[in-house]
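Participant: Chains A and B, in that order, are what the protein sequence lines are. Heads up: the first sequence begins at 7 in my numbering, then just goes up one per residue. Heads up: the second sequence begins at 5 in my numbering, then just goes up one per residue.
I should point out that these hints are in silico values taken from the structure, not numbers from a laboratory. Treat each hint with caution, since some may be false.
[As the list claims (entries may be wrong)] Looking from chain A toward chain B, a few residues come up when the C-beta cut is under 10 Å (computed):
#1 Val118
#2 Leu121
#3 Leu122
#4 Ala283
#5 Ala287
#6 Glu330
For each residue, glycine too, the CB sits at the ideal point set by N, CA and C.
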Amino acid sequence: MSLPLPTRPPLVRRPADRVIAGVCEAVARHLQVDVLAVRGTFVVLVPFAGAGILAYAALWAFMPQDRSTPPRARSALSPRIVRERGTSIALLLLGLGAALLVGQLIGSAVVVPALLSGAGVAVIWRQVDEGRRPAGRQGWLWLGSGAALLFAGLIAFLVVSDQLAAARQAFTVILVVVAGLVLVTAPWWRRLVSELTAERRERIRTQERAEVAAHLHDSVLQTLALIQRHVDSPREVARLARGQERELRTWLYGRTPEAAQRFAAAMEAVAADVEDAYAVAVEAVVVGDCALDPATGALVQAAREALVNASRHSGVEAVSLYAEVEPDRVVAYIRDRGSGFDTAAVPADRQGIRGSIEGRMARHGGRAVVRSTPGTGTEVELGVDRAGVAGARG
Amino acid sequence: MTASRVVRVYVVDDHAMVRSGVRAELGTAGSGIDVVGEADGVTAGISGILSTAPDVVLLDVHMPDGGGRAVLEQVRPRLPAVRFLALSVSDAAEDVIGVIRAGARGYVTKTISGPDLIDAVLRVADGDAVFSPRLAGFVLDAFTTDGGAAPADESDLDRLTAREREVLRLLARGYAYKEIAGQLFISIKTVETHVSSVLRKLQLSSRHELTRWASDRRIV
Chain A
7 MSLPLPTRPP LVRRPADRVI AGVCEAVARH LQVDVLAVRG TFVVLVPFAG AGILAYAALW
67 AFMPQDRSTP PRARSALSPR IVRERGTSIA LLLLGLGAAL LVGQLIGSAV VVPALLSGAG
127 VAVIWRQVDE GRRPAGRQGW LWLGSGAALL FAGLIAFLVV SDQLAAARQA FTVILVVVAG
187 LVLVTAPWWR RLVSELTAER RERIRTQERA EVAAHLHDSV LQTLALIQRH VDSPREVARL
247 ARGQERELRT WLYGRTPEAA QRFAAAMEAV AADVEDAYAV AVEAVVVGDC ALDPATGALV
307 QAAREALVNA SRHSGVEAVS LYAEVEPDRV VAYIRDRGSG FDTAAVPADR QGIRGSIEGR
367 MARHGGRAVV RSTPGTGTEV ELGVDRAGVA GARG
Chain B
5 MTASRVVRVY VVDDHAMVRS GVRAELGTAG SGIDVVGEAD GVTAGISGIL STAPDVVLLD
65 VHMPDGGGRA VLEQVRPRLP AVRFLALSVS DAAEDVIGVI RAGARGYVTK TISGPDLIDA
125 VLRVADGDAV FSPRLAGFVL DAFTTDGGAA PADESDLDRL TAREREVLRL LARGYAYKEI
185 AGQLFISIKT VETHVSSVLR KLQLSSRHEL TRWASDRRIV
């Protein structure tokens, strides 16, 4: 795609930088010259039978608009842009003055009406440029004043050319014909509008269905395919099914974004992680909720470590996790009915229990108790005070 | 648990796979359970239960035409002796609390293992309540007053005793009734009494927070 030629910026109008429609700015950007020079050229061309205006209008009509940059808010204008605009508007007025002067000199009476209606057309075009429909009251106000200018220009033209009376007759005729046409074609217009609405609704529905289908395809269908390939491994099948079930529930019922900073959501997320990573079922029950602070965060991490230990060493496929937020403390219990071990016989250098669970809880003013009997299973109890932590840490 | 008589079970679930699975699990020789019928919907279920008068109905929570609650509401006035055990894929608090308050004596998820399901059915047949750890968690959550002290106008039905709270916590931690009894130095019968009492409170409490709490807490 990359041509060796020096590429110029595309010839597109940016609503953000415009004074009238952004034509001069676009030309300047495309030709890589100063915008004032371009504006000056257009203004200089104005007195020559309105060549500047015609050229500007033609470029405006045919130059596409860059829709990716939204119109700048008034308050966002930088002083430089404001100054530049001031100069440009002065130039514009200068050009119009020159046009009037030339009109007077050559005695052409149509200059004033032409400028009036030209300005009206410009105002209307500019407004339509901004969006597909007039936005709010201000938009309608602009459209109204544009139409008024245009109308005034046309009347002025009729007045100076002494055809007002004739035009009034013609106008009546046109009005009658147009009214008749509108009445006759009204049913078609109505149907057109309702068909457009129906089509839009159908399109939205189709999009929604496509989105659901895409999600099901990426998640549920993939998982079902994986399950069929793993029929010989019940543990893997169960893991896949549980993970998919959780994912689907989250998608269907959604989780509020602010839940990420809450204790209950963090605890459930940890349980889900361990389920996924170690192919065990974690029956998680969380009662109450509170904000996640360093101490409760440490408790969540310690609970995670205890869940991992239970999944790796107990030899069972299900672990219970119970956490409760009480008024003065937060507790968690992680329990399995697996092989268990002799707590006294654990070497002192085993990182899992000493560092990740007991040490972590101790650092945050909490406690961890590990109860285990060979043959019946293990229970880890974690607890941390809420009020004490809040007092000590401000 | 009664081993001497056969417990007659009726299954109402709109999924044929669930019905046949449950039938296979409950029909294990020596389980003491006889599946006397099944239905695939609310209307068929109601007439089936009324004509067979089973001991226990395994009831799906989510079904077209009103779900498990519709069956409960239609059958219970006419056959008060029939006990219901709710069976659901959903852990939504609203569903769980709703079906219990409509009169079910227990709630288990469809991922429950065969032996556990048999155990739950026999327990319900004996008139006890069956609380999954999650249901125990829901009840603890719903009956927790934030201020600590309960308002004066609350009746006993709106409060859990300290013992009931302890029993529920152990249930939520995954303890079996026998283990709870050992931990609290009480008999299994006493544990059952506590759980049944919690179930009664859950069904009869006028605690206004209960419904709101359940509908606020959509799903886990």
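Participant: Hints first: check each against the structure and report whether it holds.
Facilitator: Taking the hints in turn, this is what the structure says about them:
1. Interface hint at Val118(A): violated, since its Cβ lies 69 Å from the closest Cβ of chain B, which is beyond the 10 Å cut-off.
2. Annotation: interface hint on Leu121(A) violated; nearest CB of chain B at approximately 65 Å, more than 10 Å.
3. Given hint, Leu122(A) at the interface with chain B, is violated; its Cβ is 63 Å from that chain's nearest Cβ, farther than 10 Å.
4. With its C-beta approaching chain B no nearer than about 20 Å, Ala283(A) sits outside the 10 Å limit, and its interface hint is violated.
5. Evaluation of the Ala287(A) hint against chain B yields a held restraint, the C-beta minimum of about 8 Å falling below 10 Å.
6. The restraint placing Glu330(A) at the interface with chain B holds, with a minimum CB-CB distance near 7 Å, inside the 10 Å limit.
Checked against the numbered hints given earlier, the structure breaks hints 1, 2, 3, 4 and satisfies all the rest.
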